[in-house]
Amino acid sequence: MNRSFLRTLLWICIAGLGAFSLATIALRRGESINALWLILAALCSYAVGYRFYSKFVSTKLLLLDSSRATPAERLDNGRDFVPTNKWVVFGHHFAAIAGPGPLVGPVLAAQFGYLPGTIWIIVGAVLGGCVQDFVILLFSVRRDGKSLTEMAREEVGRVGGIVAFIAVMAIIVILLGAVALIVVNALKGSPWGTFTIAATIPIAILMGVYLRHLRPGKVLETSALGFALVLLAIFGGQWVAHSAYANWFTFSAPVLAVAIIVYGFSASALPVWLLLAPRDYLSTFVKLGTICILAVGIVALRPTLHMPALTRFIDGSGPVFAGSIFPFAFITIACGAVSGFHALISSGTTPKLIQRETETRMVGYGSMLAESSVAVMAMIAACVLDPGVYFAINAPAGVVGATPAAAAQTISSWGFPVTADQMATLARHVGEQTLFNRTGGAPAFAVGMAHIFSGSLGGTALMAIWYHFAIMFEALFILTVLDAGTRVGRFMLQDGLGHIWKPLGRTSWYPSIIVTSAVVVAMWGYFLWAGIRDPLGGINTMWPLFGISNQLLATVALCVATTIVVKSGRLKYVFVTLMPLCWLVAVTFSASYEKVFNSNPRIGFLAHAAQLSASGKAGDTARLIFNDRLDAGVTVVLVVLVVMVLVESFTEWVRVLSGRKQPLATETPFVRSKFAQEEI
Amino acid sequence: MRRLKSAWKTFLHTLREIFDENAYSRFLAHHEMTSSREAYAQYLRESNLNRERRPRCC
Numbered sequence: 015m016n017r018s019f020l021r022t023l024l025w026i027c028i029a030g031l032g033a034f035s036l037a038t039i040a041l042r043r044g045e046s047i048n049a050l051w052l053i054l055a056a057l058c059s060y061a062v063g064y065r066f067y068s069k070f071v072s073t074k075l076l077l078l079d080s081s082r083a084t085p086a087e088r089l090d091n092g093r094d095f096v097p098t099n100k101w102v103v104f105g106h107h108f109a110a111i112a113g114p115g116p117l118v119g120p121v122l123a124a125q126f127g128y129l130p131g132t133i134w135i136i137v138g139a140v141l142g143g144c145v146q147d148f149v150i151l152l153f154s155v156r157r158d159g160k161s162l163t164e165m166a167r168e169e170v171g172r173v174g175g176i177v178a179f180i181a182v183m184a185i186i187v188i189l190l191g192a193v194a195l196i197v198v199n200a201l202k203g204s205p206w207g208t209f210t211i212a213a214t215i216p217i218a219i220l221m222g223v224y225l226r227h228l229r230p231g232k233v234l235e236t237s238a239l240g241f242a243l244v245l246l247a248i249f250g251g252q253w254v255a256h257s258a259y260a261n262w263f264t265f266s267a268p269v270l271a272v273a274i275i276v277y278g279f280s281a282s283a284l285p286v287w288l289l290l291a292p293r294d295y296l297s298t299f300v301k302l303g304t305i306c307i308l309a310v311g312i313v314a315l316r317p318t319l320h321m322p323a324l325t326r327f328i329d330g331s332g333p334v335f336a337g338s339i340f341p342f343a344f345i346t347i348a349c350g351a352v353s354g355f356h357a358l359i360s361s362g363t364t365p366k367l368i369q370r371e372t373e374t375r376m377v378g379y380g381s382m383l384a385e386s387s388v389a390v391m392a393m394i395a396a397c398v399l400d401p402g403v404y405f406a407i408n409a410p411a412g413v414v415g416a417t418p419a420a421a422a423q424t425i426s427s428w429g430f431p432v433t434a435d436q437m438a439t440l441a442r443h444v445g446e447q448t449l450f451n452r453t454g455g456a457p458a459f460a461v462g463m464a465h466i467f468s469g470s471l472g473g474t475a476l477m478a479i480w481y482h483f484a485i486m487f488e489a490l491f492i493l494t495v496l497d498a499g500t501r502v503g504r505f506m507l508q509d510g511l512g513h514i515w516k517p518l519g520r521t522s523w524y525p526s527i528i529v530t531s532a533v534v535v536a537m538w539g540y541f542l543w544a545g546i547r548d549p550l551g552g553i554n555t556m557w558p559l560f561g562i563s564n565q566l567l568a569t570v571a572l573c574v575a576t577t578i579v580v581k582s583g584r585l586k587y588v589f590v591t592l593m594p595l596c597w598l599v600a601v602t603f604s605a606s607y608e609k610v611f612n613s614n615p616r617i618g619f620l621a622h623a624a625q626l627s628a629s630g631k632a633g634d635t636a637r638l639i640f641n642d643r644l645d646a647g648v649t650v651v652l653v654v655l656v657v658m659v660l661v662e663s664f665t666e667w668v669r670v671l672s673g674r675k676q677p678l679a680t681e682t683p684f685v686r687s688k689f690a691q692e693e694i
Numbered sequence: 087m088r089r090l091k092s093a094w095k096t097f098l099h100t101l102r103e104i105f106d107e108n109a110y111s112r113f114l115a116h117h118e119m120t121s122s123r124e125a126y127a128q129y130l131r132e133s134n135l136n137r138e139r140r141p142r143c144c
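Residue numbers (our numbering), protein chains in the order written: chain D, 15 to 694; chain W, 87 to 144.
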């Protein structure tokens, strides 16, 4: 009785502390708060969400059964299907879902202030993102590790399968265009950053050769060696930036874009062991290490947030991206709250490693909570900056003015004082020529991270090193996503084209590799090119488009999950997946409508095209108009496809509920597990 | 102390799994081979088929 009472008391204290922290970040106005309040609010909410909500989902909706053998146990082949320790699967899954998204989205959404983004990251993850990852993982485990596309085809219908396929393809293309743009914006005019990132290519190749020929199988050792070389490259970059060779590594955005396009094509055609695999290892090594360091840094240094809780830009007039708090805050932060892309991982490698059904809760729900905490840290990194500095870095020249003096004056006139001298000093401290108009989120995150660490470790003397470490860390993530994404897109295209002409489907046939790689690279390369030529910085268009497509994919995943719930007769608890589904439909459809039809040219694609058309300017105008119409077309097509999935799902629910259709069980039949029973 | 040791072991095991060292060990055991350049090349040929199709999240 005493133990139970103490446990109850402990949870009441955790819930109370969480509520108090949330109230503190929500109600304080006009004074700075400490970043620890955000951390406390997040950790307490995660603890309560995991302990109570995920347990409720496990026991009431999913009926997790530890006596049921998983595919890892039944189909164990020592290769894809391997029963694995739950902590190991947790680490594996987290390493696969954590990418640049939870770092960039919150930094961009910080233009609304720290409050909206933080609340969405916490609530969205606990009630939406974690639920999506958890249920899709469990449903895939119960279907021999089938992919989202296969489950959509079997559970929702043929249209569902095709739409999931197209949505995945679209999101890959838009994602790659958006993240490539972030790298370009972070590296333009930066010899230090460019040298460091360029150096990661020969380092990865060296790792590949070392791993294959000198120390076969010693991946951890090779990754540690690669990491040491990358650190050397960061220091080497500093030397290069101050030497006569600086010009060799100082490029404009178009030159960098061409280099990344050529790189993406080559990486897709090179053997996996030579570049993709070693860089994937290196990226994971740096990612896990940096996230831990950042977490320790924030907790140890307890920085103060200088950004207000809410800014004037909640009305939609924001300089970083245009659009009001609803729906744009909710599509800007996708990966830290709800990300459809996670459904691909939850129905990919992970379900084939799960040893017991009950472990899906920790792996699916728990990993997403960890990802969400990374997003909170990114929000903190952006909000520790002076708001004036934040806007000077993230606002495009087309909004604030092309010269430092003009930009500083515009930003100061919004009530966020900043001076050209202040920015020049900061740029000098981080080893850059300028920090104005560095849109994309990566430079602001890097400055924020450097700011946090310079508070204790080395002061401003080491700020430049921290800044370039953060840039390297983000660019390494992004180039890994670019490599892997181009390849996955290429395979998907080959699978599709193989139905039209068989040789094109042969993944080892070189003409097919070259043609399909070129098509995929051309698609994301087009978006990248359009982004760098956009006077509003490109990210204003690309990131919302990416957020919309990512969350439309989450809509498809939740449609599949809800259909399975309806068919399994657990209608009483259908709200668990239906609630986030309804929210995502509201958010993505309103955001899509706004992006296409809003009369404000900074928001609506068509209004922007009409404005350009009316201006009668020569030069690039025709191409910019075409880009706007293309973006509008892509958005409309994606929404129409998702509407088709929704209609097909809804029809299926009505048929099943009205008794016109017998719900067919697509789960693999029950087989008793040989592993020990474990209480849920 | 025993718990700490066990946690450290799990941590190392997790790293070895994330970095595919365990997958290589399983491959060697499955094929009854010892580690060598040839064995690793064969392992890469098999594992890369899966790796190539594995998306990396945003």
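Hints were generated in silico from the structure; no laboratory data involved. These numbers were taken from a predicted model, which means no experiment stands behind them. Glycine included, every Cβ here is placed at the ideal spot set by N, Cα and C. Treat the hints with caution; some may be incorrect.
[Unchecked claim] Computed from the model, here is a short list of chain D residues facing chain W with C-beta under 7 Å:
(1) F95
(2) L189
(3) F279
(4) A283
(5) L284
(6) L358
Each hint, compared with the structure:
Look at F95 (chain D): its Cβ only gets to about 11 Å from chain W, farther than 7 Å, so that hint breaks. Hint status for L189 (chain D) relative to chain W: holds, with the closest Cβ pair at about 5 Å, below 7 Å. With a cut of 7 Å, the hint placing F279 (chain D) at the interface with chain W is violated, because the nearest CB-to-CB distance is about 16 Å. For A283 (chain D), the interface hint is violated, since its Cβ never comes within 7 Å of a Cβ in chain W; the closest pair sits about 12 Å apart.
At a threshold of 7 Å, the smallest CB-CB gap from L284 (chain D) to chain W is about 11 Å, leaving the interface hint violated. Against a cut-off of 7 Å between C-beta atoms, the interface hint on L358 (chain D) holds, since the closest Cβ of chain W lies about 5 Å away.
Comparing the model with each earlier hint shows violations of hints 1, 3, 4, 5; every other hint is respected.
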